[in-house]
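Participant: Protein chains in written order, with the numbering used here: chain A, 1 to 259; chain B, 260 to 566.
Quick caveat, the hints were computed from the structure, so don't treat them as lab data. The structure presented is a predicted model; accordingly, all values stated were derived computationally and were not measured. We treat Cβ as the ideally placed atom computed from N, Cα and C, and that holds for glycine. Incorrect hints may appear among the rest.
[As the list claims (entries may be wrong)] Heads up, incomplete: computed chain A residues facing chain B, CB under 10 angstroms, no partners named:
| hint | residue |
| --- | --- |
| 1 | Pro10 |
| 2 | Gln23 |
| 3 | Arg26 |
| 4 | Arg31 |
| 5 | Pro106 |
| 6 | Met189 |
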Amino acid sequence: MNMIDSTSSPVMTAGRLFNAYVQEARAECLRYLRTPSFLLPTLLFSPVFYIMFGIVLAKANGPEATRYLLASYGTFGVMAPGLFGFGVSLALERDSGLLTLKRAMPMPPGAYLVGKMCMALLVAAIVSTILLVLAIFVAGADMTPTRVATFYLVEILGALPFCGLGLLLSTLVKGQGAPGAVNLVYLPMAFLSGLWFPLSVMPGFIQAIAPIWPAYHLDQLALSAVGLGQGGVALHALVLVGFTAVFLTLAARRLRRHG
Amino acid sequence: MTYDNRIARLDKVSKRYGAIVALDGIDLDIHRGELLALLGPNGAGKSTSIGLLLGLHRADAGQVSLFGRDPQDIEARRRIGVMLQSANLPPTLKVRELLRLTASYYPELRTLGECAEVAAIQDLMERRYADLSGGQQRRVQFALALVGRPELLFLDEPTVGMDITSRQSLWAAIRRLVAEGCAVVLTTHYLEEAESLADRVCVIAKGRVVSEGTVDALRARVAVRRIRCVTSLVDTVVADWPEVISVERQPEGRLSIATASAESVVRRLLDADPSLSELEVQRAGLAEAFTEITRETDAADAAREAA
Chain A
1 MNMIDSTSSP VMTAGRLFNA YVQEARAECL RYLRTPSFLL PTLLFSPVFY IMFGIVLAKA
61 NGPEATRYLL ASYGTFGVMA PGLFGFGVSL ALERDSGLLT LKRAMPMPPG AYLVGKMCMA
121 LLVAAIVSTI LLVLAIFVAG ADMTPTRVAT FYLVEILGAL PFCGLGLLLS TLVKGQGAPG
181 AVNLVYLPMA FLSGLWFPLS VMPGFIQAIA PIWPAYHLDQ LALSAVGLGQ GGVALHALVL
241 VGFTAVFLTL AARRLRRHG
Chain B
260 MTYDNRIARL DKVSKRYGAI VALDGIDLDI HRGELLALLG PNGAGKSTSI GLLLGLHRAD
320 AGQVSLFGRD PQDIEARRRI GVMLQSANLP PTLKVRELLR LTASYYPELR TLGECAEVAA
380 IQDLMERRYA DLSGGQQRRV QFALALVGRP ELLFLDEPTV GMDITSRQSL WAAIRRLVAE
440 GCAVVLTTHY LEEAESLADR VCVIAKGRVV SEGTVDALRA RVAVRRIRCV TSLVDTVVAD
500 WPEVISVERQ PEGRLSIATA SAESVVRRLL DADPSLSELE VQRAGLAEAF TEITRETDAA
560 DAAREAA
């Protein structure tokens, strides 16, 4: 090939490359904030549960219930954007040809995943905010500024392992089957991790296997954040980092092999 | 080093999917500034060829290059624009947002206003993608393909689902880009599209290029010409003449004769029927040439298998 053609490639500056990531994240957030079928279940489920069990029926559950349930439903809430934002949308976009088009265009490969991750973190932040507002101003939960800040940090970063799990699921299922498959992981895991009923009222077997679910560890961290933790924070955090790494590695391997 | 204006190449490329051979040692060159039309029946290997040039698949054998690089190298793809056959863009984004997002992938840009003007979507910029008609969505996809000032544009069946007016306005837009020096690879089912746009046509069948050349050269490869006239001669009589390949009576009463030696058939027609009128002789259209070439290839294959 001649010299001119191989040397005259237009140069993508670092600034423009960064802009591609920003634009991808912006577009991803915009499109999902405009999609009620994605947004409403994600944003409504845990606040509605919290209003029912953490506020209306709170008296029956004792004084600490408002904070306990804030942690549980917070965890339940931030699982969804990662699982659905990656699992369902990626599987659908592979089927619909959008991913193929983006791969053919010079989209920086990381921008696509980073964009979806930003969207999941943003939705996680919104869910956390709604729950915190309900907990503090309606339920009157005892939330010090430190607890509020730690809760935010835990729940927003806690969405990441579920982004990884969603990504992995998207490589395992075909587009139309994805919503069902993701729910089949999401809802049982929430139940088995003690997000709907405290683990202490569950059969011993379910209590024993709880540590194999990432949601269990995130819930333990969230409980610590609201002052109800049972210790082992570093271990739980480490396990979540481990889960994320495993999900991403497996997903990357499947993506490399199957595209 | 001689000047070489090939900007994309398939060099003896093979690709199979399981037992199906999609490409069988295909050679294809795309030169700077030309409009190349890829024609061929479904499953001939057009989409696979494009997919390889876009870096979507890897070749099993042979060399694929785009601007002298591997197409999976993002640097190479920063110089191309793409419009694929089926791509559902995010339905809730507005056209302007889609353009801005796509523009962010490229180092050099056409302004959004210019893209909108070339693709005739100025009035659609604030509309959501899902609210557009099929033809309007295709025009938006075309605008996305040209936002990065590509030197090479891949258009896979660009006018499917368009009415005749939007098709012609897209053709005009494509001609304008070619006039500005942009090379285009076009796959199409509409032969008149290739006929009206292409500098060069490649007919692909069974994973190989079976014919390549200008539209005129392609047509000339097929000696068949078509004679139409109003005559009182009986169809079956004309059909029995030695040079005549086929005869059909058209709905409006004209006789249509296919032949390889039009001059002698015309002479004989005029002798046989002095009252003959409305005589017309035409070279075969691309459609006929295309059918003829694929038929020849089939026949050659059959002969090879029989031998």
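Participant: Work down the list of hints and note, for each, if the structure agrees.
Facilitator: Consistency of the hints with the structure:
Here the hint on Pro10 of chain A is kept, as its CB sits about 4 angstroms from the closest CB of chain B, short of 10 angstroms. Checking Gln23 of chain A against chain B by beta carbon gives a least distance of about 4 angstroms; that is within 10 angstroms, so the hint holds. The interface hint given for Arg26 of chain A is met, as the beta carbon of that residue sits about 8 angstroms from the closest beta carbon of chain B, less than 10 angstroms. Checking Arg31 of chain A against chain B by beta carbon gives a least distance of about 4 angstroms; that is within 10 angstroms, so the hint holds.
For Pro106 of chain A, the interface hint holds, the least distance from its beta-carbon to any beta-carbon of chain B being 4 angstroms, beneath 10 angstroms. At its closest, the beta carbon of Met189 of chain A sits 29 angstroms from a beta carbon of chain B; the interface hint therefore is violated under the 10 angstroms criterion.
Checked against the numbered hints above, the structure violates only hint 6.
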